[in-house]
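Novice: The listed protein sequences correspond, in order, to chains B and F.
Quick note on this note's numbering: the first sequence kicks off at 1 and runs consecutively.
Quick note on this note's numbering: the second sequence kicks off at 1 and runs consecutively.
If you're looking for bench data, these hints aren't it; they were derived computationally from the structure.
Note that this is a predicted model, so its numbers are computed, not measured.
Don't take every hint at face value.
To be verified - Take a look, some chain B residues computed to stay more than 12 Å from chain F by CB distance: (1) 13; (2) 79; (3) 216.
To be verified - To give an idea of the chain B side of the interface with chain F (calculated C-beta under 10 Å), a few residues: (4) 86; (5) 103; (6) 106; (7) 163; (8) 219.
Here a beta-carbon is modelled for each residue, glycine too, at the ideal position from N, C-alpha and C.
Chain by chain, the residues:
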Amino acid sequence: MSIFECRSLTKYYGKTKALDNIDLKLEAGQIVGLLGPNGSGKTTMIKLANGLLQPAGGQILIEGEEPGPGTKAKVAYLPDRGFLPEYMTVEALFKLYGDFFKDFNIKKADQMLDGLGIKKTDTLKKMSKGTKEKIQLILVMSRDAKIYFLDEPIAGVDPAARDYILRTIISNYCENSLVLISTHLIADVESVLDDVVFIKEGRVVLHKAADIIREEEGKNIDGLFREVFKC
Amino acid sequence: MEWIFEQGRPIYTQIVEQIRINIANGTYEPGQQLPSVRDLAMEAAVNPNTMQRAFSELERDGLIYTVRTSGRFVTEEEGKLDILQKKLGQEFIEDLFEKLQKLGMSKKEIMDAIEESAKEMK
Numbered sequence: 001m002s003i004f005e006c007r008s009l010t011k012y013y014g015k016t017k018a019l020d021n022i023d024l025k026l027e028a029g030q031i032v033g034l035l036g037p038n039g040s041g042k043t044t045m046i047k048l049a050n051g052l053l054q055p056a057g058g059q060i061l062i063e064g065e066e067p068g069p070g071t072k073a074k075v076a077y078l079p080d081r082g083f084l085p086e087y088m089t090v091e092a093l094f095k096l097y098g099d100f101f102k103d104f105n106i107k108k109a110d111q112m113l114d115g116l117g118i119k120k121t122d123t124l125k126k127m128s129k130g131t132k133e134k135i136q137l138i139l140v141m142s143r144d145a146k147i148y149f150l151d152e153p154i155a156g157v158d159p160a161a162r163d164y165i166l167r168t169i170i171s172n173y174c175e176n177s178l179v180l181i182s183t184h185l186i187a188d189v190e191s192v193l194d195d196v197v198f199i200k201e202g203r204v205v206l207h208k209a210a211d212i213i214r215e216e217e218g219k220n221i222d223g224l225f226r227e228v229f230k231c
Numbered sequence: 001m002e003w004i005f006e007q008g009r010p011i012y013t014q015i016v017e018q019i020r021i022n023i024a025n026g027t028y029e030p031g032q033q034l035p036s037v038r039d040l041a042m043e044a045a046v047n048p049n050t051m052q053r054a055f056s057e058l059e060r061d062g063l064i065y066t067v068r069t070s071g072r073f074v075t076e077e078e079g080k081l082d083i084l085q086k087k088l089g090q091e092f093i094e095d096l097f098e099k100l101q102k103l104g105m106s107k108k109e110i111m112d113a114i115e116e117s118a119k120e121m122k
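Next up, chain B with everything else stripped away, as it sits in the complex:
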């Protein structure tokens, strides 16, 4: 059984088809890139996986189970926009996550926070965009989850913050879990990926190992992306 599976997954927004009959299987022990231009369906797929949207047809399965309380306990989700109350301090957020998620590992969170120069008594309101992204990532990655869905984790942050985020993802690599990173900033993340999934107008048009693509195509993932999604 795959850790993550979509079976003929379809989603409409009104008459617009956002996801069109997607079949996809992903395995544990991998960092996978969900890559596509704006509006291709990346966020829709991740929202479906987290039970925030309901499919029009087909199924989305986490370890064989449809999204619900059972899957939420083992899925860590970083949305593509700020999702935490601005008035809260880092300390309070750690407590909140500890209360909500049994698998929240506060030791891990403290370790990741270490050396960032962020005070635990600081509120989100006082932080820069890059720092906020880091805090959100720390909260999500500090869970001992089976799947981590990271929706645009590096959008709009400076190169140093981006390096911190990528290294945090690498250092938390675990052979029992899956990390799915959705992004259109491919050049920045491609060295971290095992497999890449290209999604175009709601369909999966490519699912392959990154190094095999480099070997077969003689170009990097960013180069192939520009070719496939040429406007």
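Based on these hints, arrange chain F on the given structure of chain B.
Specialist: Same frame as chain B, but now just chain F:
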């Protein structure tokens, strides 16, 4: 150590090449313990599976060996290191010839030019 990857070539082969060069030139000394897969993956900002794959390839070539529970080490077999150095040298030379032949130079012209350069370097 700084890791730079060229575009359009598998990352794992480029890691293998860089570690080979480091073993040949003694950056990694015979018998020295290598950093863990995770640490090297972090340093190079690459996927841990990619780093693991590079290590497996180096192990297959006998350039590194694994000791259970204590980690990976650079080979101490002199023969292996000599062969490696020769092989890497050969690769650079082939590359040099290829590039110069593309410029339209004959083998003789290349040899003469190398000799001249060697003299000037002293």
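Novice: Confirm or reject each hint.
Specialist: Cross-check of the supplied hints:
1. With a least beta-carbon separation of about 34 Å from chain F, residue 13 of chain B lies farther than 12 Å from that chain, consistent with its non-interface assignment.
2. Under the 12 Å C-beta cut-off, the non-interface status given to residue 79 of chain B relative to chain F holds; the minimum distance is some 24 Å.
3. Residue 216 of chain B, annotated as away from the interface, has a beta carbon of chain F within 12 Å; the closest lies near 10 Å.
4. With a least beta-carbon distance of about 31 Å to chain F, the hint placing residue 86 of chain B at the interface is violated under the 10 Å criterion.
5. Interface restraint check: residue 103 of chain B against chain F, minimum CB-CB distance 21 Å, threshold 10 Å, status violated.
6. Evaluation of the residue 106 of chain B hint against chain F yields a violated restraint, the C-beta minimum of about 22 Å exceeding 10 Å.
7. For residue 163 of chain B, the suggested interface contact is upheld, since its CB lies about 7 Å from the closest CB of chain F, less than 10 Å.
8. Interface hint status for residue 219 of chain B: upheld, as the beta-carbon distance to the closest one in chain F is roughly 4 Å, under 10 Å.
Figure legend: structure checked against the earlier numbered hints; hints not met, in rising order: 3, 4, 5 and 6.
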